[in-house]
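S.K.: The residues making up each chain are set out below.
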Amino acid sequence: MTDTLLRREPPETPAETGSRRLAERVSRIRESGIIVVLALFVAVTAGVQPRFLSVTNIQFVLVNTTIYALLALGETMVVISRNVDLSVGSVLGMSAYLSASLFGQHHGIPIPVVFLVGLGIGLGWGIVNGLLVAAGRVPSLVVTLATLYIIRGVDILIVGGGMVTANTLPGSFTDIPKDTVGGIPDLAIAVAAVIAAGAYYLRSFRSGRELYAIGSNPGAARLAGITIGGRVFTAFAVSGAIAGVVGVLWAAQYGTVDSTAGTGYELTVVTAVVVGGVAIFGGSGSAVGAALGALLLSTINSALYVLGISDFWDQAIAGFLLLLAITIDRIISVRLTAALRLRSTRRAT
Amino acid sequence: MEKAPDELKPVLELRHAAKSFGAVQALVDGSIELRPGEAHALVGENGAGKSTLVKILAGVYQPDAGSLLVDGREVVLHSPAMALAAGIAVIYQEPTLFPDLTVAENIFIGRQPLLPGRRIDRRAMLAEAGAIFGRLGVPLDPGRIARGLSIADQQIVEIGKALSLNARIIVMDEPTAALSAAEVDRLFDVVRALRSAGAAVLFISHRLEEVFAICQRVTVMRDGAHVFTRPVAGLAADDLVRAMVGRELAAWQAGLPAAPGEAILQVKRLTREGVFVDVSLTVRAGEIVALAGLVGSGRTEVARAIFGIDRYDAGTVAVRGRDLRRASPTAAMAAGVGFVPEDRRQQGLVMEMSVQQNIALASLRQLRQAWLIRAAAESRLATDWAIRLKIRYGRLTDSVAMLSGGNQQKVVLAKWLARRPAVLIVDEPTRGIDVATKAEVHQLLVKLAQDGVGILMISSELPEVLRVSDRILVMREGRLAAEYSRAQATEEEIMSAATGQQAQAL
Amino acid sequence: MRLNLAEMRARAPWALRWETGLAIIVVIIGVIGTAASPSFLTSNNLFNLGLSNGEIAIMTLPMALIVISGEIDLSVSSILGMSSCLLGFLWSRHWPMIAIFVVIAVVGIAAGAINGLLVTRVGLPSLAVTIGTLTLYAGIAEILLGPRTVANFPAAYTNLGVNAVPYTGNAVTYSTAIFVALAVIFGVVLHMTPAGRSIYAMGASPEAALFAGIRVKRIKTMLFIVSGLVCSLAGVLYTFRLSTAVADNGVGLELDVVAIVLVGGISIFGGQGSIPGVVLGVLAFAGIQNALLLTNFNQEASGIVAGGLLLLSVFGRNAGSYARRLREWAPAGRRPTESPAAGQGAQAATESRP
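Residue numbers (this note's numbering), protein chains in the order written: chain A, 156 to 504; chain B, 181 to 686; chain C, 21 to 374.
Pulled out of the complex, with its shape left as it was, chain A reads as follows:
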């Protein structure tokens, strides 16, 4: 009967709501910011070169994005938990080669099986990463730097000097990136669905939220009884598995696979993820934002090509964008924390 001992009615004070709205507004600004930049870019480029908005070009950009966007999904899960996975490029490369070479070795192998093989390869390496990071208590930067090296090295040994050429691949396989529905590539729709599912998982399921908690305050996460090792392990396993699947897609898209497939992709993926609003030290950000980041980078790449600017500017722009994004994020975060704190102290005194 003394369950609710109310001394006074707890109104939601204007200051409280204000704080909440301020914080929410800022996080939405981040994602809409990318959309704005994207829109501007597209508008300017299309103004100069209308070919940019041709159906073929849009399809090309979308397909190109799918690879990075999918990788970004896995990377987002890892980065949110205050880790990083630098091995995705190497995993992609190994999976691309091994899965594509299956067509040459086993004629008539069903395509889903090939995808499963790719998934398995990626999952295997993801498990290795996850074990080393979670059980070994070694910083993921170092672990995935090492596995980046090791996986690429093993891949080189396997590939030797060889390569898989497009003519060994069945048409139905290489058509995967080309099939469209109503003008939109199947692949883009599928990937968008996967990313939406991933984003939903991160937002609405307990284990997803725990990843955020681990990145936001690892000490508190331990005190709260969260199984940090288990969650981090899973994140790496998923990231690896995704990279494995993406490897197969890569082979479908490019046809020719040698030992250099996927080199350097990890940097682009991390750039996309950070530009997309995922904090490098974890705790905040979304898969949708990361995918938008990937879309932005692909769009810029395509725009450079269409405008006749050599794509050698591509890397420099990507690097600059990354630095710009983290600088802006930092400035916003400092101002936001100060503003929120000032509201709290003003209220209390």
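Incorrect hints may have been included.
[Claimed, not checked] Label pairs and their computed distance ranges (CB to CB):
1) C:Ser63 x A:Thr418: 31 to 39 angstroms
2) C:Val182 x B:Thr510: 42 to 50 angstroms
3) A:Val203 x C:Ala125: 32 to 40 angstroms
4) A:Leu195 x B:Gly612: 51 to 59 angstroms
5) A:Ala348 x B:Gly246: 58 to 66 angstroms
6) A:Gly380 x C:Phe335: 49 to 57 angstroms
[As the list claims (entries may be wrong)] Not close to chain C: a few residues of chain A, all C-beta gaps over 12 angstroms, as computed:
7) Thr200
8) Gly263
9) Gly308
By construction, these hints were calculated from the structure, which means they are not laboratory data.
The beta-carbon is built from N, C-alpha and C at its ideal position, and this holds for glycine as well.
For chain A, the structure is supplied; the task is to place chains B and C on it using the hints.
M.R.: Chains B and C in isolation, oriented as in the chain A frame:
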């Protein structure tokens, strides 16, 4: 229909717990007994074993001896999770929240209410969190993110978390240390709400007037052992102090202070928005000025601003008449200011380095010849000061982590004294130090003052403040509230000025 | 247990130190290498070792200081590549070589300064910043030369890349000599000067360093600038050795540099490590690469070795804590030992740095 606390069976009992870490016996005979619906105070000096006892209740440590009973059943808590499951929640001084998650999520992480399909039910989560804050009588928005919450609000979130876990034993470790007066009142209301709901609150505090204000019984500890447990009614603060200290402190006179010399540190109207406002003070050569007040009143922040670790927005700092550049510790050190910080392990020492290296850390340039540190000079410096301050260590090259708290503090002092400062700021100089070393540090400070150093001492220990200082300034909520000379001051005066119970014009 | 690795290192006889174990490993590598191929320790082979690893070795020195100070610089290889392309670009426009050297030095300093300022003034994590500048500088390298290669450098300079230093009996390359000289300088600075002591302090305990009046921001910025300058020097050497300037010069080398530094005993968390350790790390790394070369192992796959070394070094460092945790898994009768600092917010390796 509710029984008085005396007649209820205890919800938690710790009997004769002991705990040591290597050679250090942190707890010798820890005993406590909590009844439902009571607020029970735990008092004792630093080092009395309170925090070890709390960690045992929290499941962080397991006692080497003794037993713990919850609801009459003996339990062993191997982890914080087990303690939570047993209904024990601890609110630490430094709340550990997830800054990027909302308040509601902070409360329910790992246990969020679910919709069919194991999806999180956000609406229910917000509603439940809101209901909890309603029961506590605190208007916090459960939908805001935790980043930027004041310490007071963070504590409320932690208490909310405890309630949501149906904790029946809530331990609050120095909860009012960082709170303003209004926030303390709000916390007391929350404690009363918790009591009415049948929970037992274990309230650990140095502030005896709070103990009398809110608690029914009090347990005193001293030197790792239980001294007594009695109802608060019928006890006076003196009784508690005497039990905590255990002996009549010899009225230790510092001797007549040398006539203070010229003003050596002059702070005028120092302001940092949101932290402290319009602080002016003067320290003369040979004078010890204490800066008293509750934790959170802004004392450390003022000191940090003077020394240049933090910026300030307005005002001036002058040393020996010359204005000091703001936000530059290098400039402050060059002008002859030294700063012994509050947090010995994180701020005062580099734990990975040796005793010698730590003592030399602020004097590297003086030890330099032709760009290189002269090893012989370094070890001479270290040995010299180690002897002067009577630091106990194995070898100078031992890691400083192996020293006791008191000796570590002496190393920090040595580091600064090696520079022969004109002004020395010390922040909580004897926190976490055994009584004997405490006295040594006090004597050292007095001797320094006699040698002409001006000392600004921040301290929350009133006996220390009264014993050592020539003048006492009291800060409250970012402003200077009162000033006393040693003759005028009493503990009650300082305390009331610090808590604002008495209007004291400066 | 209050005794931690730092205390053990301070207390234990030198036999237990990382550098000693590493020295033994280097000797073992030498023995195995010689057994596998008699030409392992010939001056000719040492010369080749110096050639292929010289620039990497040079870059490990500033990297070691940066990691000890608590940061990291992944842009080192891109600065090397950028300066290589700058060399080619300006040379193809007929600039005098001296002027080119000056420009390269300035650009290297600027590149390092950008890193340093973003980390110290804006307060960004060096991992993120140097991933960004790695990409940016590599991009600039590409913009400078595009698909071209510049290969018409005068022999006087390219000889610097491939000849031995006179009077050393054909064993010592210029890059090796520069490495040795720099190692001595960096070693003296790190181990014997106030700046070096400050670097250890800020890596071990950033707050305490600040409170001791150490100018953390200034020193860190200087470290990044020095790294930029040294890496651009390495870029010049690299270009002359290959007699070619091309956009992908140096791509991927930063991983070798980090691996060597960690193998050399520098802790990724900062505050620990030594220059002798780094030198031993260079020897170990070069020795293994060379042994692989002589046994006809696929050079391009040598990443496996670098990666494996990297993992071994970090796991080796953690060995003490694994042993402790294994004891905690002991049967219920025994109680785990704890330290007074346990439990409240103790951060494990996974969480404190991505």
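S.K.: All hints, please: hold or fail.
M.R.: Results for each hint:
1. C:Ser63 x A:Thr418: 31 to 39 angstroms: Cβ of serine 63 of chain C to Cβ of threonine 418 of chain A: about 36 angstroms, so the range 31 to 39 angstroms holds.
2. C:Val182 x B:Thr510: 42 to 50 angstroms: 47 angstroms, holds
3. A:Val203 x C:Ala125: 32 to 40 angstroms: 39 angstroms, holds
4. A:Leu195 x B:Gly612: 51 to 59 angstroms: Roughly 57 angstroms apart at Cβ, these two residues keep to the hinted range, so it holds.
5. A:Ala348 x B:Gly246: 58 to 66 angstroms: 59 angstroms, holds
6. A:Gly380 x C:Phe335: 49 to 57 angstroms: The hinted range 49 to 57 angstroms is violated for glycine 380 of chain A and phenylalanine 335 of chain C, with Cβ atoms some 28 angstroms apart.
7. Thr200: 19 angstroms, holds
8. Gly263: Non-interface label on glycine 263 of chain A holds, nearest chain C Cβ at 32 angstroms vs cutoff 12 angstroms.
9. Gly308: Per Cβ check, glycine 308 of chain A is inside 12 angstroms of chain C; nearest 3 angstroms; violated.
Violated hints for the displayed structure, listed by number in ascending order: 6 and 9.
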